[in-house]
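Student: So the sequences go chain by chain: A and B.
FYI, the numbering for the first sequence is 88 to 519, going by this note's numbering.
FYI, the numbering for the second sequence is 102 to 218, going by this note's numbering.
One thing to keep in mind: the hints can contain errors.
[Unchecked claim] Cβ-to-Cβ under 7 Å is the rule here; a few derived chain B residues that face chain A:
1. A152
2. G155
3. T163
4. L166
5. N170
6. T173
7. I194
These aren't lab readings, by the way, just hints derived from the structure by calculation.
All C-beta atoms in this analysis are idealised placements derived from N, C-alpha and C, irrespective of residue type, glycine included.
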Amino acid sequence: MMCRVDEAQDGDGEPDVDATDAVFTSLLEDSTEELYEQAPCGYLSTMMDGTIAKINATLLDWLGLERSHVVGRMRFTDLLTVGGKLYHETHFAPMLQMKGEINGIALDIKAAHGRRMPVLVTSKVKTSENGEPLLIRTTVFDASDRRAYENELLRGRKAAEEARRQAEADRTRLQEALAVLQQSLLPATLPTVPGLKAASYYHTASPDRLGGDFYDLFPLGTGQWAFFLGDVCGKGPQAAAVTSLTRYTLRAAALHDGDPITVLTTLNTVLHERYTSGDPRYCTAIFGVLHPRDNHVDVHLASGGHPSALIQRADGTADYLPTPGGILIGILPNPEFTAARTQLHPGDTLLLYTDGLTEARIGPDRALYGEDALRTFTTAQPIAGPQALITALTGLLAGFGEGLDDDTALLALGVPAPLPTPFSIPASDDLT
Amino acid sequence: MSPLTITTRDAVTGPIVEIAGDLDYATAPELRKVVDHLTLADGQLLVLDLANLGFCDSSGITVLLAARNLATEQGADISLAAVPDNTLRILRIVGLDRVFTLHPHATAATTSNSPTR
């Protein structure tokens with residue numbers, strides 16, 4: 088503004104150099120003393136023992152101290168907080184002694200009104216011409232804003248880490264809860280049935296998603312045993328709720344009247360009433376009763392829309408026990424279910440499975456595994472009882488890899504083959 | 102995997118919903134949404150045309166049943182047209198081949214008076 092006025096007055100367009108210098112000089116208050124005292128940072132000179140010899144007004148102002156109380160009476164370390172003193176003792180002073188200077192060290196000073204003030208300290212030792220250390224010159228920068236910014240960054244990072252830790256903990260807890268819930272839908276261990284061996288396997292397609300497959304084996308209290316295996320439509324908590332309802336309905340219905348068709352009809356009534364509108368909820372299941380006899384076990388079972396049970400016979404054959412015409416449980420008010428009977432003799436094993444096994448897509452062309460392949464596989468297995476068959480099938484499922492994208496439940500029930508008699512020992516010797 | 106496309110058109114007998122592509126856990130909700138928005142008059146026939154249906158899993162079966170419930174609630178009938186072999190096999194296992202009226206193709210569904218049960 089001023090220049091423009093001058094230019095206008097002179098009229099020749101040349102700036103008035105003398106006038107500008109005068110303005111700068113008045114602004115700069117060309118005094119080193121003033122510059123030292125009122126600098127935007129603290130200045131400090133100490134003797135080699137730390138005694139403060141000179142200090143500027145800026146730093147005194149920060150400290151809230153009188154010059155007369157400081158100069159010749161206090162040491163640099165007296166200005167520091169306890170933590171600052173410690174750091175000065177262990178790092179700052181030794182570094183300074185070794186290198187003759189130290190740059191931008193973060194320390195806290197005891198500021199006015201009992202506050203703690205974060206500062207950045209730079210010190211340099213002044214030496215005589217022959218290298219004798221004379222005094223230490225120190226600058227002190229106010230680092231409050233910078234420290235606050237750093238703290239903010241640190242807080243942000245801690246918050247993010249905490250959120251991540253929390254999310255991981257939540258995920259772990261959820262998976263544990265899901266696993267517990269899933270386990271509650273299956274028997275912890277299969278009961279011991281006289282004259283019968285039982286084995287089971289459950290493959291979970293995803294730890295995050297509750298499966299809808301279920302099975303059970305339990306006593307009916309009349310020397311008979313009931314078993315079931317099935318598959319509730321859908322996945323997740325809703326499916327798990329239906330599975331729970333299904334499992335306990337089947338158990339209660341079986342104790343009331345163990346006839347397989349009656350049991351499935353009761354379950355149908357419960358599911359149909361419960362899910363009559365909105366999302367259809369249904370299941371497929373095979374329910375059966377085992378009646379152990381002297382030398383075999385009678386099996387009476389019924390199916391509602393479930394793949395047929397497979398029987399591995401002691402003679403090395405394997406055949407399905409067809410239950411055609413049985414319909415999904417829960418979709419119709421008066422459905423048909425189909426019953427079948429068979430006998431398990433020593434060495435025979437009844438296999439129940441969910442369609443995760445037979446509907447698996449295998450190989451590069453994702454071909455359907457299917458019921459024929461399952462029968463062929465089972466026929467090829469040695470007659471070695473339910474556990475051996477389940478173990479072989481577990482290996483088969485593992486071999487499906489990616490092709491097995493559904494939950495799969497397996498339950499095998501078998502009558503043990505008679506123990507080898509001493510006669511068989513020479514027979515095996517002959518083989519060698 | 103082929104994406105699911107759903108096309109709805111009207112025949113004199115009622116709506117025909119053409120379902121093409123794979124119907125599984127991921128895509129079944131799309132069909133469910135379409136089915137939920139269908140309005141059927143008493144005595145109408147809902148035809149689900151499955152001629153171009155690829156894979157259909159239990160989630161797909163569930164939507165077919167939901168469609169059946171919806172049709173029944175509104176006094177309408179439902180039939181499935183041109184069910185592919187793979188899906189027919191599953192329908193047979195679970196007994197649904199006797200719950201749904203099946204037709205060889207959509208035209209047969211809308212003209213036939215005697216369903217091929």
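Student: Tell me, in ascending order, the numbers of any earlier hints that this structure violates.
Tutor: Numbers 1, 2 and 6 - these are the hints that the structure violates, sorted from lowest upward.
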